[in-house]
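> Put the two chains together into one complex, using the hints given.
If you read the sequences in order, they're chains E and B. So in the working numbering, spot 97 of the first sequence is number 97, and the numbers just go up one at a time. So in the working numbering, spot 617 of the second sequence is number 617, and the numbers just go up one at a time.
Just so you know, the hints here were simulated from the structure itself, not pulled from any lab data. Note that CB positions come from ideal geometry on N, CA and C, so glycine has one too. Hints should not be assumed to be uniformly reliable.
[Said to hold, decoys possible] So the derived label-pair ranges between C-beta atoms look like this:
#1 E:K180 x B:K49: 44 to 52 Å
#2 B:I58 x E:K180: 53 to 61 Å
#3 B:A710 x E:E239: 39 to 47 Å
#4 B:A710 x E:E101: 34 to 42 Å
#5 B:F4 x E:P238: 47 to 55 Å
#6 B:K49 x E:R137: 40 to 48 Å
#7 E:A291 x B:V33: 52 to 60 Å
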Amino acid sequence: MESYQRYLDPRVLNKISRLEIKARMIVEGFVSGLHKSPYHGYSVEFAEHREYVPGDDLRHLDWRVLGRSDRLYIKEYEQETNLRSCILLDTSESMSYQSGELSKYEFASYLAASLAYLVIHQQDAAGLVLFDREVSRFIPPSSSTGHLRNLVTEIAAVEPKKKGAMSAVLHDVAERLKKKGLVILISDLFDDPKEILSGLRHFRHDKHDVIVFHVMDEYETTFPFQRMTLFEGLEEYPELLADPRALREQYLAEIKEFTVTLQRGCMENRIDYCQVTTDMNLDVALSAYLATRLGTRARK
Amino acid sequence: MGSFINPAMLWFGLAGAVPIIIHILNRQRYRRVPWAAMEFLLRALKKNKKRLLLEDLIILALRVALLVLLAGALAQPLWNRPALAALTSSDTYYVLVLDHSYSMGYERPGRRTPFEQAKALATQVLGQVEIAQGDKLSLVLLSDAPTALMAEPSIQTDLARKRIAELTLSDRGTSMERTVPLVADLVEKSTQVRKRVIFFTDLQRGAWNVEESERTALKDGLERISSTPGASVFIMDVGTGERRNLAIERLSSTSKVIGVDKPVTFAVQVRNFGDEEAGVAVTLFVDNARQETSQGFSVPGRNVAVTTFSVQFHEAGPHVVTAEIDADPLTPDNKRSLAVEAHASLKVLLANGEPSAETYQDEAIYLRLALNPFQDDLGRDSIFVVDTVSPVSFPETPIKKYDLVILANLEMVYEEKVAELEQYVKSGGGLMIWLGDKVSQSGYNELLWKGGEGLLPCELGEIAGDRSHQQLVRLDKPELGHAALSFFADLLARPLLPKLSAYEYYRMTADESRPEVKVLARFSDPAGSPALVERRFGRGKVILVATSADYEWTDMLKEPGYLILVDQLAQYLASQPQAYKNVLVGEPIEYFLRIEEYAKLFHLVTPHQGITSLAPAKVGERGFFLSYRNTEDSGAYVMERPSEENGKTELLTYFTVNVDPQEGDVARVSEEELRQRFPGFKFAIQSDQGRPGETVDIRPQAGRLWRFLAYAACAAAVAEMLLAAYFGRRK
Numbered sequence: 001m002e003s004y005q006r007y008l009d010p011r012v013l014n015k016i017s018r019l020e021i022k023a024r025m026i027v028e029g030f031v032s033g034l035h036k037s038p039y040h041g042y043s044v045e046f047a048e049h050r051e052y053v054p055g056d057d058l059r060h061l062d063w064r065v066l067g068r069s070d071r072l073y074i075k076e077y078e079q080e081t082n083l084r085s086c087i088l089l090d091t092s093e094s095m096s097y098q099s100g101e102l103s104k105y106e107f108a109s110y111l112a113a114s115l116a117y118l119v120i121h122q123q124d125a126a127g128l129v130l131f132d133r134e135v136s137r138f139i140p141p142s143s144s145t146g147h148l149r150n151l152v153t154e155i156a157a158v159e160p161k162k163k164g165a166m167s168a169v170l171h172d173v174a175e176r177l178k179k180k181g182l183v184i185l186i187s188d189l190f191d192d193p194k195e196i197l198s199g200l201r202h203f204r205h206d207k208h209d210v211i212v213f214h215v216m217d218e219y220e221t222t223f224p225f226q227r228m229t230l231f232e233g234l235e236e237y238p239e240l241l242a243d244p245r246a247l248r249e250q251y252l253a254e255i256k257e258f259t260v261t262l263q264r265g266c267m268e269n270r271i272d273y274c275q276v277t278t279d280m281n282l283d284v285a286l287s288a289y290l291a292t293r294l295g296t297r298a299r300k
Numbered sequence: 001m002g003s004f005i006n007p008a009m010l011w012f013g014l015a016g017a018v019p020i021i022i023h024i025l026n027r028q029r030y031r032r033v034p035w036a037a038m039e040f041l042l043r044a045l046k047k048n049k050k051r052l053l054l055e056d057l058i059i060l061a062l063r064v065a066l067l068v069l070l071a072g073a074l075a076q077p078l079w080n081r082p083a084l085a086a087l088t089s090s091d092t093y094y095v096l097v098l099d100h101s102y103s104m105g106y107e108r109p110g111r112r113t114p115f116e117q118a119k120a121l122a123t124q125v126l127g128q129v130e131i132a133q134g135d136k137l138s139l140v141l142l143s144d145a146p147t148a149l150m151a152e153p154s155i156q157t158d159l160a161r162k163r164i165a166e167l168t169l170s171d172r173g174t175s176m177e178r179t180v181p182l183v184a185d186l187v188e189k190s191t192q193v194r195k196r197v198i199f200f201t202d203l204q205r206g207a208w209n210v211e212e213s214e215r216t217a218l219k220d221g222l223e224r225i226s227s228t229p230g231a232s233v234f235i236m237d238v239g240t241g242e243r244r245n246l247a248i249e250r251l252s253s254t255s256k257v258i259g260v261d262k263p264v265t266f267a268v269q270v271r272n273f274g275d276e277e278a279g280v281a282v283t284l285f286v287d288n289a290r291q292e293t294s295q296g297f298s299v300p301g302r303n304v305a306v307t308t309f310s311v312q313f314h315e316a317g318p319h320v321v322t323a324e325i326d327a328d329p330l331t332p333d334n335k336r337s338l339a340v341e342a343h344a345s346l347k348v349l350l351a352n353g354e355p356s357a358e359t360y361q362d363e364a365i366y367l368r369l370a371l372n373p374f375q376d377d378l379g380r381d382s383i384f385v386v387d388t389v390s391p392v393s394f395p396e397t398p399i400k401k402y403d404l405v406i407l408a409n410l411e412m413v414y415e416e417k418v419a420e421l422e423q424y425v426k427s428g429g430g431l432m433i434w435l436g437d438k439v440s441q442s443g444y445n446e447l448l449w450k451g452g453e454g455l456l457p458c459e460l461g462e463i464a465g466d467r468s469h470q471q472l473v474r475l476d477k478p479e480l481g482h483a484a485l486s487f488f489a490d491l492l493a494r495p496l497l498p499k500l501s502a503y504e505y506y507r508m509t510a511d512e513s514r515p516e517v518k519v520l521a522r523f524s525d526p527a528g529s530p531a532l533v534e535r536r537f538g539r540g541k542v543i544l545v546a547t548s549a550d551y552e553w554t555d556m557l558k559e560p561g562y563l564i565l566v567d568q569l570a571q572y573l574a575s576q577p578q579a580y581k582n583v584l585v586g587e588p589i590e591y592f593l594r595i596e597e598y599a600k601l602f603h604l605v606t607p608h609q610g611i612t613s614l615a616p617a618k619v620g621e622r623g624f625f626l627s628y629r630n631t632e633d634s635g636a637y638v639m640e641r642p643s644e645e646n647g648k649t650e651l652l653t654y655f656t657v658n659v660d661p662q663e664g665d666v667a668r669v670s671e672e673e674l675r676q677r678f679p680g681f682k683f684a685i686q687s688d689q690g691r692p693g694e695t696v697d698i699r700p701q702a703g704r705l706w707r708f709l710a711y712a713a714c715a716a717a718v719a720e721m722l723l724a725a726y727f728g729r730r731k
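Just chain B, same shape as in the assembly (with noise of 0.2 Å):
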């Protein structure tokens, strides 16, 4: 038996009753006659009765049968295809979701990948698409960036077979966040009174967001999906039940700033997504040549292990870091790699606002030594190059070739410094500034300031602390996770920050609602007055401290933590982030460019020697910028400048484009489990562990009979005519 797709429609079947009705009131509407030859009309009577009786029967049956398979056709019933498959129709909408997630390439001797049997189903089930019965399909690819093959409703299932035949496995990973709200806009758009949906996935948990209790988009799709009339989801599970896996989860570098030919530490976080422990050695390339395989070591299970690796780099400019391990089922996690930028030096302009002859009396002294310690001494060099410039030559100092300036204890700023600070800043330099007994409270509040606009990250208040220098407030509560202070997050160096104190400090007010605005480290006092803010201003950075740099207001300086900190506050400010260098996949490669490195065209080179030829645009203020978005392919893209004069090119940067490693988690969420999360969610699940050569039929159960009780309506009125013709020529 079947439902009804119209069930109101039903009510129509009531009209069934008019030509009975008629039949009645025609009886009753009748002329009189008086008549004679009564007796022959009686014997005619008698001897018609039955004929006239079955006649009358089989023409009102046959008006009743017309009105009621009309209504029946406009209900629409669906009914059990293999009872009645001659009679219905099939008019059905086939959502094709096909899960081409790297997870899908989970590779087992001698079996299918997950990948290849979700082709070879729903090749199958392309075979059950009856055109001719009014079915249409849609193509939809499952990923982290869902992609609609075949968004309208389509009759060429040649077309899309040879479009599942070409399919490739990408290296996105998998969201049903993201897929499922498009596979219900297509069911809930379809005309087609059935809709199929079949996914064909490795039911990857960690798509499904079954943990999460709350209202989602996934929810409401599936939802949408099971509430469309006519709808039903199919699962076919493609999973091999299998989780063993290992993933490079985390490539980096422990400092903030490449100096060339000075070590540099990489730590590879390997992650163990199986049961069991497994034993993994890394292999860590530079620019592609291998560099360095790590002793053999083991990862407990559902756990991570960390191996660090410490390279030099011999030449300045980009270059490539891959981590690699040894081949398991699952290979795009296997290999990550890291676009690093190697520093020959870093300059520093130190504008020092108080100089003396007096060693201990310079407010620079101590700053220029904590950014280059082994300068004279044995021939080792700190990668910052610093020079210090007096407040009388600040400001004819041109800055914009420095990675960093550093005002210390300045007592202004002129007006056209300012304006070429700000320029600097934003377009990506580092500012840092100290305060001190010299510095212009107003000056600096009316120029760098400016209500907000400017390069000071808050205003400065008045100076706090106690000038006779008996009491010290301590650096507090340290933002550990910023890039700027994460060194100071060790286990080790956690206590050097506490250790560094002053006595007099500008008391001042962060307004952190401000997005760009962020208070570091605040002072011990009662009212936890900031002791570092940052502020980010255009693609440059600023960060203030509230006291001076020397012995004049702090207690600091005997601290080897001061050391740390101006050295580690110097990396950060100097160092261009490096992180829209590595992306995940699908996300963008933007690059801005500096003046020094426009031309006209740049080539793009993808992991697999593609070339693409990007060209610059404008974006406001910001400058000019490269991007490109189709970063399919996992692996390390060269921006390369080709020169006008010689053909050749000119490397300007890698990027590296990696996957997300959470996709390397094969671990299923169970039936159960969907159930539970997703109340609203009608599915059927089939489990295929990918044994070749099943055969599997979602055809739908339930045929639309519509067509034919409407030619079946048809043949009545037809039969009713030509019967009433039939009987009347008689009368």
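Next up, chain E with everything else stripped away, as it sits in the complex (with noise of 0.2 Å):
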């Protein structure tokens, strides 16, 4: 079980090309560390039982009460068991940014398809959106093994290539989730704060959690450019030939100005926020998605 901890590393998940098993890797080598199996703990909350009718899956069967009274019933289990996640992952230009082992966009997915695996493995349905300028893919929540392949499958078939621009995907797929649930934003969130937020209050309207995962790239934060450098910019941007140490200072100054003002935003409006890095092991993120998960079954 501890080997398993080593795929929370990006650097040694990099060498495994399927991304479900990744997944499953990050995972199991997460939950190896937890004292207490996310799969029983806070998920398997028992609320009632119901007589069994064909088709329950027999899994949920109490046989306790088949041995003691020899009638079937099925185990009845609290909302969370039927919390419906549902997984935005930008797959806008901007994410393919790359300066070390991985890109934002195989960061974010290998993020993503931990999530879902995780999310399906505690009996959670998990639903995905892709986008960047648009909805390029809605896949609504489902928690059925199958269903992660899927996940799966679609979020390695991506290649970011498109400007984005979040603020009207975020109401699109806010309009398009009828029931409330989790919805977890993967993405590095260049765009206005403002439209970002006012998106990301759409769905707190509709009385959704929503859990932020900020994925930046180590460059971006730090901006360790020395010599004359000729910034392309992605996402249709212009070139910018720049002496870097000439703007570090305001560079990072602007950067933190944005994720200030975001955190601050996701914080007055009870959105959970938390910034990565693709250097950063997954444990942190998936850490902040359990924290927020106990959250969301607390405030119930």
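Structure, rendered in structure tokens:
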């Protein structure tokens, strides 16, 4: 079990080709480090019994009741059993930036796959929205095991290329999600913070819980360039020839202001905000999710 | 504005473009990076654009300035000092050239002499020498013997001030010809960036040779100074503008030989350098005792007058005759001295080649009469005492004690006697040779001519002329400028020589390209055959007469000119030349000792009563001689021999050192003349006619900016580093 933990390191993970396996490795690695299994700890909270009807999953049969009374009862769980998580994964071109082992998109996709794995293994339903300037793929939440494969296949098939525009997408997705649940946004959030927050507020307005994974590349947060550099703008931005040393201070200030604005906006709207960089271990993000998940249950 | 000392270095200023080029090149060399967070980068750029541009411009400007300033410092610009005095450094080499010739002592009542004024001005200039600014100085004395008192560029202004204060006038003349090359050498050697040559002089016309048109050392020297980079010349004219001055130009005796108790005439020539006629009286002193003062006489402006004195010396030996005129503005040339030797008698050995009982057949009788015409007559006596010897006794007669030896138609001189004669002449004796029918031509040529090495001035040829004694040849083309014949230069005496004539004579060919041989007169035959030929032999002289001394070959005995000629030749040959005893200031005194005069040590008493000890030095075969070079003071010098026995001293001889009378001509050269004569000589002239209390500023108007520029370049370098670090830190 110990060996699973190394898969939390994106650099190790990168060597595994299939995203589904990666997701499993990540989650198993993560779970092995926890004292309590997430599968049976938080999510399997008993609520009531109901009589078995054909088609019910036999796993949920209460064997003890059967042994005692010889009647078939299915255990009913609390709401979270029916938690509908929707993972919003940004596939805009900016997500393709990569300074180290992983691009932001690769990191985000691992994160998304792992979360989907975790969610589905927690008996929750996981949906997926892939978007750039518009929603390119919308897979409604489902908790079936086969669903996971669908999600993972979709995630792995995407190549981030197009310019992104989040605000419209967020509103669009908010409109589509009928039932309240957990919205997980994985993106670099390179858009107007006001617009983003407006979109996120839309989710909150619809009573969704929202967790935002703000994926940044390490270089984007440290800007370590020294020599004269021609920055080739992604997402249709122009090129810029500049001495990076001269711009670093102001750039970092801009980045900080941007994240602080987002962070504050999230906090004000009771949105969980988690900034992750591509050099981080994935357990940070997963822990954040679990904390949010717990929070979600607690708020009920 | 100014100029540049190394203008070529300005090209390095182009290096100022290097930072710009590097900047441009750097912009060409960049790496490409795809970038997602472009929005933030663009925003950062937009906010910082002006600041970044400003910082870049500041750094770029500092780098460009650094290189340009460095190039500027290397080019060493000169800048107007008053404008940028605080930023410039002087770095100047001052050569102070102070005229101390005696004309600088020109006196005028109530005024400083030019020399005093020159010293004051020079001291003033010293006050402007800024040692702290890198200035150095040299001090040169201007005269006909220029001296660099401080030759090496010095920083010791106090020493220079002391030297100037101690300076006294010399008795020297002025020679720019000698001084300027020395100054040019100093200026050319100097490593200082600027050179200031300052002449403090009375601009005496004679010193500048403006009339000359040839290229001279003076012209060369002046052009060398002017063409030295950074050099400029100032002439501080301290002359008075007056030229009134009388000088004793010449003091001479009319006799070649001075006899005791025999009247001798001294001529004193007075020159008036002024424009107006001036009256003067001359006083004559003999051995410092006033002898006589002449009647006052007038000397026309810019002309000369001569007065004569007749003097008798009562004691044999050396004497000093001094002529002096009344005080005038310039004193050193008011006095002139002459060292002379008075002889009780001059001994002559006459070798008679044809003795005869018959008076008129005797070869020597006329010569003897000519040398001592007053003998036995009224007690009057000639200076010459003649011993006549026959050809037989001549070889046995020692000749050393004689002042003059005459060979008259002597057939032959034997080999031993030839050697003795040669030694005698070599050590200063005089030899007169008359020819005649007895003379053995081949013997003379063999032993006395010796192919040019012997005593004879020229080889004897064939006997020429008219044997029948019908045709006479006259003495012709006499060298009247020669001391032996100078008597005949007088208009009254001039006709006497051509009346002397001969029937027969030896034909001779004189090689006048030899400096020691001189033809004094020729015969009037078509070939112009030499009649009187002189040869200098060692310290003595030989005169050869081509004909005989008696009636046998000549007709000249009946002429009064014969007596005078013989007397003059004898005086000339017997006299020791006195010129070496009478020299100009600065010329060395040299005295050859006779054997009997020898001592280990001699005393020389200088005009100011200083005593210098002199030891004789041996110079080859010429014997021992005494030499003294430091003849800076005019006047009489006394050579004495200290006696080893009683401690007393014995007078050996006198020397006189006189000033160059030309220096008394204080006529001045004008600025225009100087510029015309020396077009390549650039100078500024400042006239200062002895006005006290006026200051003069010859400090360089242009200062060197290089040090300031170098500092500024350093400051730019430091500022660049600090600012780059500061801007970089923010980056």
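> Does the structure break any of the earlier hints, and which numbers would those be?
Of the numbered hints given earlier, those the structure breaks are 4, 7, listed in rising order.
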